[in-house]
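Residue numbers (my numbering), protein chains in the order written: chain L, 1 to 333; chain C, 1 to 285.
Misleading hints may appear alongside valid ones.
[To be verified] Here are some, though not all, of the chain C residues that point toward chain L, as calculated from beta-carbon distances under 7 Å:
hint, residue
1, SER56
2, ARG57
3, TYR92
4, ALA114
5, HIS168
6, SER179
7, TRP181
8, ILE223
9, LEU231
10, GLN249
Honestly, the hints are just simulated from the structure, not real lab data.
Here a beta-carbon is modelled for each residue, glycine too, at the ideal position from N, C-alpha and C.
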Amino acid sequence: MKKLGSLMLALSLAGSILAGCGSNSATSAPSSNGATGSTGGTEATTPAADNKTASNLSGTVKVDGSSTVFPITEAAAEEFQIANPGVQVTVGVSGTGGGFKKFAAGETDISNASRPIKEKEAAAAKEKGIDFVEIPVAYDGISVVVSKENSFVDKLTVDELKKIWEPDSKVKTWKDVRPEWPAEEIKLYGPGTDSGTFEYFTEAIVGEAKKSRPDYTASEDDNVLVQGIAGDKNSLGYFGYAYFEENADKLKLVPIDNGDGNAVTPTFDTIKDGTYKPLARPIFIYANKKSLEKPEVKEFVKFYLENAPELVKSVFYVPLTDDKYKESLAKIQ
Amino acid sequence: MSAGNLTRRKIYDRASRVVFLLATLLGVAALGILLYRILSDGLGWLDWQFISSFASRFPEKAGILSALFGSLWIIGITAPVAFILGIGTALYLEEYAKKGWFTNLIQVNINNLAGVPSIVFGILGLGLFVEGFLFGRTILSGALTMALLVLPIIVVASQEAIRSVPQHLRNASYALGASKWQTIRGVVIPAAFPSILTGFILALSRAIGETAPLIVVGAVTFIAFVPSSPLDQFTVLPIQIYSWTSKPQDEFRAIAAAGIIVLLIVLFTLNATAVYLRNKYQKRY
Numbered sequence: 001m002k003k004l005g006s007l008m009l010a011l012s013l014a015g016s017i018l019a020g021c022g023s024n025s026a027t028s029a030p031s032s033n034g035a036t037g038s039t040g041g042t043e044a045t046t047p048a049a050d051n052k053t054a055s056n057l058s059g060t061v062k063v064d065g066s067s068t069v070f071p072i073t074e075a076a077a078e079e080f081q082i083a084n085p086g087v088q089v090t091v092g093v094s095g096t097g098g099g100f101k102k103f104a105a106g107e108t109d110i111s112n113a114s115r116p117i118k119e120k121e122a123a124a125a126k127e128k129g130i131d132f133v134e135i136p137v138a139y140d141g142i143s144v145v146v147s148k149e150n151s152f153v154d155k156l157t158v159d160e161l162k163k164i165w166e167p168d169s170k171v172k173t174w175k176d177v178r179p180e181w182p183a184e185e186i187k188l189y190g191p192g193t194d195s196g197t198f199e200y201f202t203e204a205i206v207g208e209a210k211k212s213r214p215d216y217t218a219s220e221d222d223n224v225l226v227q228g229i230a231g232d233k234n235s236l237g238y239f240g241y242a243y244f245e246e247n248a249d250k251l252k253l254v255p256i257d258n259g260d261g262n263a264v265t266p267t268f269d270t271i272k273d274g275t276y277k278p279l280a281r282p283i284f285i286y287a288n289k290k291s292l293e294k295p296e297v298k299e300f301v302k303f304y305l306e307n308a309p310e311l312v313k314s315v316f317y318v319p320l321t322d323d324k325y326k327e328s329l330a331k332i333q
Numbered sequence: 001m002s003a004g005n006l007t008r009r010k011i012y013d014r015a016s017r018v019v020f021l022l023a024t025l026l027g028v029a030a031l032g033i034l035l036y037r038i039l040s041d042g043l044g045w046l047d048w049q050f051i052s053s054f055a056s057r058f059p060e061k062a063g064i065l066s067a068l069f070g071s072l073w074i075i076g077i078t079a080p081v082a083f084i085l086g087i088g089t090a091l092y093l094e095e096y097a098k099k100g101w102f103t104n105l106i107q108v109n110i111n112n113l114a115g116v117p118s119i120v121f122g123i124l125g126l127g128l129f130v131e132g133f134l135f136g137r138t139i140l141s142g143a144l145t146m147a148l149l150v151l152p153i154i155v156v157a158s159q160e161a162i163r164s165v166p167q168h169l170r171n172a173s174y175a176l177g178a179s180k181w182q183t184i185r186g187v188v189i190p191a192a193f194p195s196i197l198t199g200f201i202l203a204l205s206r207a208i209g210e211t212a213p214l215i216v217v218g219a220v221t222f223i224a225f226v227p228s229s230p231l232d233q234f235t236v237l238p239i240q241i242y243s244w245t246s247k248p249q250d251e252f253r254a255i256a257a258a259g260i261i262v263l264l265i266v267l268f269t270l271n272a273t274a275v276y277l278r279n280k281y282q283k284r285y
């Protein structure tokens, strides 16, 4: 029986040791992290170095929302945390819609969104007395890709894409798309129906959000799509540009013709200057105006925007023009 | 004819042996392949820097510190809560409660709860702890949700263990003049303890690997500080690992493997402790 008592004691001790440990590391960790920040990769140093002065800030910044915007906000949070060890920034991934729900309930300071806020969502926020600022942070170019082994696809028009992806599509083989192409069955890959990329693609191509043929291989994990398309020479799929950039050796980008006879390949430049149409979209963060009155949140958003060009590039998204960031900065001042 | 029958039975006998051996080897082989792939991918990334750093978008700087502490916090609270409540419930049902419609009702419900999908517990935790008790999206809410999730497993296992303590041991204790509580404390619990611990180990292993209910309760994905109280926000190992597997860069797949190794080490350490304790008690009774 004594043994049982001592086991309980051990368990509760373990709990309290953990508590002690936690607070110890909390004080020591940021300093060690700061050290890696200054000695680590060159890309990382730049934004942190810009902000040597501030660091007396404390408090929390809560961010949640889209998985597409997550890498950029994560990058901003990582660097901001190094520059301001006293502030605790957390970033969750509940999807754009789920993020707005928490945002409207006043649970988060900032919401990541891969599409503009819907009227219904804005109304829900207003009802709770939450006023917000919309801040575009980057472009994402949805890339249409085929396998590297595919030699015949030189470009696709928006109409052809629509013919392939519309809900009651008759397209079975490549020949159905263009008569001179082989009569091989097309294997389709794309994001799952909860994804903002899916929503945007269907709206831009099919003409109505969330309307797509259902018989394609869907995955929320873009790496699964990359693997699938790379391994099958008759495949076709679409996903965010960042995933192409990292897998350029296995995939081939399809230039898109927006009906004017001019096929454009998505690149940093064509996405940025708006010539890659209609699949380039801006992605956003939404900041709660009340939260912006807190210095730590305001500083975080400022930091985000001031360092956006490098941060956005470091995670393979396409930055906006400098003017747009300046415009947003003015909005939150 | 009887000779033919005998040969046939002998063939069946040998065949069944081979079939069962293959069944066993299949499981072992799957584990072997899993371990080999994870170790060969992840071992190169597993160093002190990895353990002591926070998540980063740069592979060479990425670490698992906040997720590791998040998981330890969750387990540190889940384990004692689930253990005490679980054994308490099992003891009441087996030793105190009169058999009747009420105990039957409780029993059926506990058995049902053991089969409820984990996401449902997440929604329960969200309603009860996050919004009801206003604990917020914190470690405390997550850990209590996990405790509820594993509670039925612990209760059922503990009940089985208590039931298998021979009645004559209890009678001997009563014959010596011991009260009910003395009998439970001195005879029933020690005798049942090894089996109770087995159930407890399985339950905790499940809690460590669970992701869905914690995401519902509000675990975040990026966090670059170590939680210092149960009322802090948190992330856990499986969420961090998943987040790495969905990054575009190939290096993060290897880093995810390194994360899995850390998760396995935590799991094996916990299991080893429990097995050690179990063996110790088994020797005594």
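Evaluation of the provided hints:
With its C-beta approaching chain L no nearer than about 6 Å, SER56(C) sits inside the 7 Å limit, and its interface hint holds. Hint on ARG57(C) holds. Least Cβ distance to chain L is approximately 5 Å, under the 7 Å limit. At a threshold of 7 Å, the smallest CB-CB gap from TYR92(C) to chain L is about 17 Å, leaving the interface hint violated. Interface restraint check for ALA114(C): the shortest CB-CB distance to chain L comes to about 23 Å, outside 7 Å, so the restraint is violated.
The interface hint given for HIS168(C) is broken, as the beta carbon of that residue sits about 20 Å from the closest beta carbon of chain L, more than 7 Å. With a least beta-carbon distance of about 14 Å to chain L, the hint placing SER179(C) at the interface is violated under the 7 Å criterion. A cut of 7 Å between beta carbons decides the hint on TRP181(C): the least distance to chain L is about 11 Å, and the hint is violated. Evaluation of the ILE223(C) hint against chain L yields a held restraint, the C-beta minimum of about 5 Å falling below 7 Å.
Because the smallest distance between the Cβ of LEU231(C) and any Cβ of chain L comes to about 11 Å, over 7 Å, the interface hint for this residue is violated. At its closest, the beta carbon of GLN249(C) sits 5 Å from a beta carbon of chain L; the interface hint therefore holds under the 7 Å criterion.
In the structure shown, a violation is registered for the earlier hints numbered 3, 4, 5, 6, 7, 9, in ascending order.
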